[in-house]
Amino acid sequence: MTALAERLSRLLARIAGFAILGSALMITVEVVARKLFATSLIGADEISGYILAITVTWGASLALIRRAHVRIDVVHAQVPAALRSVLDLVALVSLLSVTLLFAWFATRLLRTNIRTGAVSNTPMEVPMWIPQSLWVAGWWVFAAVTLIVIVATVGALIRRDLPAAQKLSGVRGALEEAGEELADAKSRR
Amino acid sequence: MLLTALLLLLALIALSLPIAAALGVLGVVLDRAYGFLPFYQAAGEVAWTNSSGFLLMAIPLFVLLGEIMLRSGIADAMYDALAKWLGWLPGGVMHANIGACSLFAATSGSSVATAATIGTVALPQIERHGYGPRLFLGTLAAGGTLGILIPPSVNMIIYGILTNSSVPQLYLAGIIPGLILAALFMAAIVAISILKPEVAGRRVRYTWSERLSGTLGVVPPALIFVLVIGSIYGGIATPTEAAALGVVGALGIAASRKRLTLRMITEAVEGTVVTTSMIMLIIVAAYFLNMILASIGLTTRLNEFVSALGLSPIEMLIAVVIFYIILGCFMETLSMMITTIPIIAPLMFSLGFDPIWYGVLMMILIETALITPPIGLNLYVVQGVRGQGPMSDVMMGALPFVVAMAVMIVLLAAFPGIATWLPNALLD
Chain A
544 MTALAERLSR LLARIAGFAI LGSALMITVE VVARKLFATS LIGADEISGY
594 ILAITVTWGA SLALIRRAHV RIDVVHAQVP AALRSVLDLV ALVSLLSVTL
644 LFAWFATRLL RTNIRTGAVS NTPMEVPMWI PQSLWVAGWW VFAAVTLIVI
694 VATVGALIRR DLPAAQKLSG VRGALEEAGE ELADAKSRR
Chain B
421 MLLTALLLLL ALIALSLPIA AALGVLGVVL DRAYGFLPFY QAAGEVAWTN
471 SSGFLLMAIP LFVLLGEIML RSGIADAMYD ALAKWLGWLP GGVMHANIGA
521 CSLFAATSGS SVATAATIGT VALPQIERHG YGPRLFLGTL AAGGTLGILI
571 PPSVNMIIYG ILTNSSVPQL YLAGIIPGLI LAALFMAAIV AISILKPEVA
621 GRRVRYTWSE RLSGTLGVVP PALIFVLVIG SIYGGIATPT EAAALGVVGA
671 LGIAASRKRL TLRMITEAVE GTVVTTSMIM LIIVAAYFLN MILASIGLTT
721 RLNEFVSALG LSPIEMLIAV VIFYIILGCF METLSMMITT IPIIAPLMFS
771 LGFDPIWYGV LMMILIETAL ITPPIGLNLY VVQGVRGQGP MSDVMMGALP
821 FVVAMAVMIV LLAAFPGIAT WLPNALLD
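So the sequences go chain by chain: A and B.
Take any residue in the first sequence, note its place counting from 1, add 543, and you have its number in this note's numbering.
Take any residue in the second sequence, note its place counting from 1, add 420, and you have its number in this note's numbering.
Simulated from the structure, these hints should not be mistaken for lab results.
Beta carbons: idealized from backbone N, C-alpha and C, even for Gly.
Misleading hints may appear alongside valid ones.
[Unchecked claim] Examples of chain B residues toward chain A, derived with CB under 8 Å:
no.	residue
1	Ser697
2	Ala834
3	Phe835
[Claimed, not checked] If we take Cβ atoms under 10 Å as the criterion, some of the chain B residues that face chain A in the derived model are:
no.	residue
4	Ala441
5	Ala462
6	Val646
7	Gly650
[To be verified] Covered by chain B, per the in silico footprint, the following chain A stretches (three or more residues, Cβ under 8 Å):
no.	segment
8	561–567
9	570–578
10	590–596
11	630–636
Given only the sequences and the hints, what does the whole structure look like? Please build it.
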């Protein structure tokens with residue numbers, strides 16, 4: 544289940560990432576066209592704005608799996624391992640509740656916009672449901688992935704497999720993060 | 421109400437909740453406790469309007485630019501060029517550490533990645549030329565922090581968005597302080613090398629032809645800098661568009677060095693999305709919290725409280741600097757910025773401080789936070805690159821540069837023109 548969640552998260556993040564790269568190219572074309580031909584081809588600014596909003600929700604799951612959502616471990620690092628796992632679970636549950644809050648009210652916004660047929664306030668008049676439904680889907684996937692990580696962590700704790708639980712949901716401490724930056728820097732050379 | 425909110429926030433953060441979740445939970449709790457309407461129901465609108473803007477798009481694009489530059493294999497040649505030019509100074513290639521970090525920083529918005537990349541290239545020099553490890557490690561940790569002061573800078577974009585100030589002006593304002601701070605770092609190295617010759621290592625001298633031929637190594641980062649900064653001030657591009665041009669330029673550089681592969685791009689975009697999503701979730705949650713703070717009247721209460729203290733602007737400034745230095749010892753810098761700026765910056769503006777000047781001050785305070793123990797991420801990165809010896813070496817080695825930063829803060833307060841002159845001269 545966690546393997547599936549990880550694959551889905553990576554897929555979503557890659558799609559969003561290539562969309563960001565695509566908007567870099569699109570914006571460049573627009574800048575050059577504006578400079579050379581004094582025309583604006585496409586609403587690159589509007590489209591890339593939507594891509595960003597979608598990226599935020601589509602990338603959040605992979606960020607969770609990589610434990611990239613920042614947590615302050617001043618206290619966390621000082622307490623015994625068992626208590627640390629409790630804190631990790633509290634952290635995940637708080638993240639799930641806030642995500643559900645956003646997912647719920649984002650869905651409500653989407654439904655209102657579908658009902659009223661809202662379009663963007665630009666020459667393109669993009670129907671808001673198009674970017675917003677992708678964005679809302681990202682919120683729900685993020686909530687589902689968070690739930691899966693919670694279940695997997697509880698499972699690991701029941702098996703008394705503390706290292707596995709830490710790997711799923713522990714704080715990526717400064718030392719660990721530094722080690723990863725370093726491994727990256729070395730692999731790039 | 422003020423005290424409750426503050427204590428609750430500290431408690432949630434101390435519980436090691438993800439920062440975005442801590443801000444969201446605090447918002448809902450305060451709203452239920454003090455709000456007369458269920459403001460939290462606006463969460464959907466707040467999240468959408470604050471994550472779909474074109475200026476915000478500059479964040480992922482600059483992150484992507486940095487990710488591609490890191491993978492384009494330019495660090496070695498660049499470091500080599502700077503070592504040839506700066507190695508004759510007392511303190512030898514430690515000056516190249518500062519120089520390479522500032523130059524690399526100019527193309528990448530991340531202090532941590534800068535320290536890791538230059539650190540990996542530079543560390544073999546300790547043994548080769550007999551440097552005192554402490555000071556050498558300190559130069560790497562401190563040099564890496566210049567990344568957020570010298571444009572382009574992701575942190576400055578976030579500041580600009582949170583305070584509604586002009587990113588082009590902020591970028592211009594950061595250049596002179598960035599150069600002065602780099603010069604202060606180098607002066608500190610020279611001073612220590614003269615006082616304690618045993619840590620200064622060997623100076624390395626090269627002929628002029630060696631220097632000139634090595635200089636090619638600084639061309640790629642210089643190109644990106646000119647492309648990004650030049651297109652903004654040439655009136656061709658907005659900051660977001662300049663970032664997009666930078667991404668295309670970086671792809672070109674990577675391609676010319678045969679580093680452009682599908683795998684490399686995939687890794688770069690994945691890293692970009694994870695970083696962007698992490699930053700933006702905190703921003704969205706911070707906007708949600710601020711909407712609630714304003715609607716329950718806490719922002720007004722805070723303003724009244726501060727004006728009742730009757731502090732003069734200078735006293736207030738000193739209090740804020742001390743606050744950030746202490747907070748920076750414990751808190752990760754990005755979350756520190758996003759949680760505090762929307763509340764503290766408007767207070768400072770109302771006391772008459774210039775938003776652009778204050779932005780530069782914030783960047784230097786954040787740099788300080790990156791190298792003050794116990795939670796200074798750059799210290800850990802450099803220690804990780806080194807892979808041996810006690811952590812205290814790095815902390816001690818970074819100390820002279822913390823002093824240099826304090827000097828810079830005093831200079832900036834005494835002569836605000838350091839930051840404001842260039843943007844005023846060029847943009848009016």
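Q. Which of the numbered hints are not met once you compare them with the structure shown?
A. 2, 3, 6 and 7
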